[in-house]
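**Q** One letter stands for each residue in the lines below.
2 protein chains.
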Amino acid sequence: MKLEVYADRMSQPSRAVLILCKASGIDFEEIKVEISKGQQLSPQFEAINPFKKLPAIVDGSFKLFESHAILIYIASAFPGVANHWYPADLTRRSKIHSVLDWHHLNLRQGAAPYVLHTVLAPVLGRPSSQQAAAEAEKILTSSLSKIESIWLKGNGRYLLGSSQPSIADLSMVCEIMQLELLDEKDRDRILSPHKKVQQWIESTRNATKPHFDEVHNVLYKMKLKLSSLRSNQVDGMAGSRIKTPPISKM
Amino acid sequence: MKLEVYADRMSQPSRAVLILCKASGIDFEEIKVEISKGQQLSPQFEAINPFKKLPAIVDGSFKLFESHAILIYIASAFPGVANHWYPADLTRRSKIHSVLDWHHLNLRQGAAPYVLHTVLAPVLGRPSSQQAAAEAEKILTSSLSKIESIWLKGNGRYLLGSSQPSIADLSMVCEIMQLELLDEKDRDRILSPHKKVQQWIESTRNATKPHFDEVHNVLYKMKLKLSSLRSNQVDGMAGSRIKTPPISKM
Numbered sequence: 001m002k003l004e005v006y007a008d009r010m011s012q013p014s015r016a017v018l019i020l021c022k023a024s025g026i027d028f029e030e031i032k033v034e035i036s037k038g039q040q041l042s043p044q045f046e047a048i049n050p051f052k053k054l055p056a057i058v059d060g061s062f063k064l065f066e067s068h069a070i071l072i073y074i075a076s077a078f079p080g081v082a083n084h085w086y087p088a089d090l091t092r093r094s095k096i097h098s099v100l101d102w103h104h105l106n107l108r109q110g111a112a113p114y115v116l117h118t119v120l121a122p123v124l125g126r127p128s129s130q131q132a133a134a135e136a137e138k139i140l141t142s143s144l145s146k147i148e149s150i151w152l153k154g155n156g157r158y159l160l161g162s163s164q165p166s167i168a169d170l171s172m173v174c175e176i177m178q179l180e181l182l183d184e185k186d187r188d189r190i191l192s193p194h195k196k197v198q199q200w201i202e203s204t205r206n207a208t209k210p211h212f213d214e215v216h217n218v219l220y221k222m223k224l225k226l227s228s229l230r231s232n233q234v235d236g237m238a239g240s241r242i243k244t245p246p247i248s249k250m
Numbered sequence: 001m002k003l004e005v006y007a008d009r010m011s012q013p014s015r016a017v018l019i020l021c022k023a024s025g026i027d028f029e030e031i032k033v034e035i036s037k038g039q040q041l042s043p044q045f046e047a048i049n050p051f052k053k054l055p056a057i058v059d060g061s062f063k064l065f066e067s068h069a070i071l072i073y074i075a076s077a078f079p080g081v082a083n084h085w086y087p088a089d090l091t092r093r094s095k096i097h098s099v100l101d102w103h104h105l106n107l108r109q110g111a112a113p114y115v116l117h118t119v120l121a122p123v124l125g126r127p128s129s130q131q132a133a134a135e136a137e138k139i140l141t142s143s144l145s146k147i148e149s150i151w152l153k154g155n156g157r158y159l160l161g162s163s164q165p166s167i168a169d170l171s172m173v174c175e176i177m178q179l180e181l182l183d184e185k186d187r188d189r190i191l192s193p194h195k196k197v198q199q200w201i202e203s204t205r206n207a208t209k210p211h212f213d214e215v216h217n218v219l220y221k222m223k224l225k226l227s228s229l230r231s232n233q234v235d236g237m238a239g240s241r242i243k244t245p246p247i248s249k250m
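Line by line, the protein sequences give chains L and Y. When we follow full-length UniProt numbering, the leftmost residue of the first sequence carries the number 1, and every step to the right adds one. When we follow full-length UniProt numbering, the leftmost residue of the second sequence carries the number 1, and every step to the right adds one.
A hint or two may mislead.
Intra- or inter-copy, both count: the list cannot distinguish identical chains.
Dumping the calculated PhoX-like pairs for lysine-lysine here, alpha-carbon to alpha-carbon at most 25 Å [unchecked claim]:
no.	residue 1	residue 2
1	Lys52	Lys225
2	Lys153	Lys225
3	Lys52	Lys2
4	Lys52	Lys153
5	Lys22	Lys221
6	Lys185	Lys195
7	Lys52	Lys138
8	Lys63	Lys209
9	Lys63	Lys32
10	Lys146	Lys63
11	Lys195	Lys32
12	Lys221	Lys146
13	Lys195	Lys146
14	Lys196	Lys37
15	Lys52	Lys32
16	Lys32	Lys223
17	Lys52	Lys146
18	Lys196	Lys52
19	Lys32	Lys22
20	Lys22	Lys185
21	Lys2	Lys63
22	Lys153	Lys63
23	Lys22	Lys146
Don't read these hints as lab results, they were simulated from the structure. From a predicted model like this one, the values you see are computed outputs, not experimental measurements.
Extracted from the complex, chain L is given alone in its bound form:
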């Protein structure tokens, strides 16, 4: 029985899990659960993840959710996953745990609410708050600075001075990739001061191609839709809405 990955490619942790599976040549089945249609709320999915969030996996009779736990499980259970994704060495592995833990209350706390309160909420018809956006931007830019000065310190291309990516690189880069949805000016303002972060995103993309862009394609398409919507609004057609799936925070 194949590994089943329940995912919505609009959810950044779903993308991280899918890219690891694809880049490692795992024979798995992607089961699409569309957040925009509320499919994660179905009783069938609740039996897999009672918290009703994506991603989740089923491997035989074993069910698991929370993306970092899934990434570690896949890297440990499938021999096809290269050692650099989750090294067997305890000290290297522990440092990766440290980055993954840090991610939750830093980068994730900035990126997702910033994108929600700037570009997504208005088109979803959900309430947005300038104050929430400003607070999220503070956390986001502080997190990017810390990634650059602490986690990317040294000469390695990847986090922790490594020459090859780990599951922590994948998780954090996928988180940052949601900034693609922003207005070009906002995205530049936030990302352009962080040259090392930009190089690191490119390195991670290159290390996992063609899967990285294939999995992110839904995001690139959404970027075009949002951009076209913004142009229309500038042309006096404000108020229209497009169907945009929300980004999962999990």
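Starting from the structure of chain L, add chain Y where the hints point.
**A** Then chain Y, alone, in the frame of chain L:
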């Protein structure tokens, strides 16, 4: 060279690490870093944790921070740590990772800001917000309900239906223990609907005695001080401040 644990017992993740070390009979040195005195901001400590947060460990030349990463490292590196704290079996281990990941954006997001904005901020002379307290309480009570209905589902005394505690039990119980600082009425209102949670705290305390109460003693003392301060305020002596160390969020 002994394992060094940099900790402030007022910080809940510091307590979890200390209890694991003590309950496992590890020969370690506790190095007190007092947050109330800003000692975590010193260049010496910054060389151990550039994020200037507690806890952190030094094991020979190896440095590590983020409490969950530390708990996993200690359970993996020291043979004296019983298997139940972090089982070797991949599926059991993965479920523990799932709980630990969930903790970050749920229980932790509720408990720490609630205690800060209700009892700690006023005595620390830091700004407190009723709205922030109300939002934190919502996350906290929802998290406690989910711990009870999902993580403590079944007949086991501990999370995931286990008969013995894991590092996830220790981390979450230490987080909840900060509610000791609350006004008795508030604490009862929040905890009393969750009988299973209360039993689980007791089971974890019993499984790690006498270390659990010894490590939490500083919290029990602070509870008395805060309670006496509240009585004084009721008696018209409002405005006085006691020296209370802030609770670390890490």
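**Q** Compare the structure with each hint and give your call.
**A** Taking the hints in turn, this is what the structure says about them:
no. : hint            : in the structure
1   : Lys52 - Lys225  : neither (27 Å within a copy, 42 Å between copies)
2   : Lys153 - Lys225 : neither (37 Å within a copy, 44 Å between copies)
3   : Lys52 - Lys2    : within (22 Å within a copy, 44 Å between copies)
4   : Lys52 - Lys153  : between (37 Å within a copy, 17 Å between copies)
5   : Lys22 - Lys221  : within (21 Å within a copy, 54 Å between copies)
6   : Lys185 - Lys195 : within (16 Å within a copy, 52 Å between copies)
7   : Lys52 - Lys138  : between (29 Å within a copy, 18 Å between copies)
8   : Lys63 - Lys209  : neither (28 Å within a copy, 34 Å between copies)
9   : Lys63 - Lys32   : within (16 Å within a copy, 41 Å between copies)
10  : Lys146 - Lys63  : between (34 Å within a copy, 18 Å between copies)
11  : Lys195 - Lys32  : neither (35 Å within a copy, 38 Å between copies)
12  : Lys221 - Lys146 : neither (30 Å within a copy, 36 Å between copies)
13  : Lys195 - Lys146 : within (13 Å within a copy, 41 Å between copies)
14  : Lys196 - Lys37  : neither (37 Å within a copy, 35 Å between copies)
15  : Lys52 - Lys32   : within (14 Å within a copy, 41 Å between copies)
16  : Lys32 - Lys223  : within (20 Å within a copy, 50 Å between copies)
17  : Lys52 - Lys146  : between (32 Å within a copy, 12 Å between copies)
18  : Lys196 - Lys52  : between (36 Å within a copy, 23 Å between copies)
19  : Lys32 - Lys22   : within (15 Å within a copy, 46 Å between copies)
20  : Lys22 - Lys185  : neither (33 Å within a copy, 53 Å between copies)
21  : Lys2 - Lys63    : within (13 Å within a copy, 39 Å between copies)
22  : Lys153 - Lys63  : between (37 Å within a copy, 16 Å between copies)
23  : Lys22 - Lys146  : neither (30 Å within a copy, 33 Å between copies)
Checked against the numbered hints above, the structure violates hints 1, 2, 8, 11, 12, 14, 20 and 23; every other hint is satisfied.
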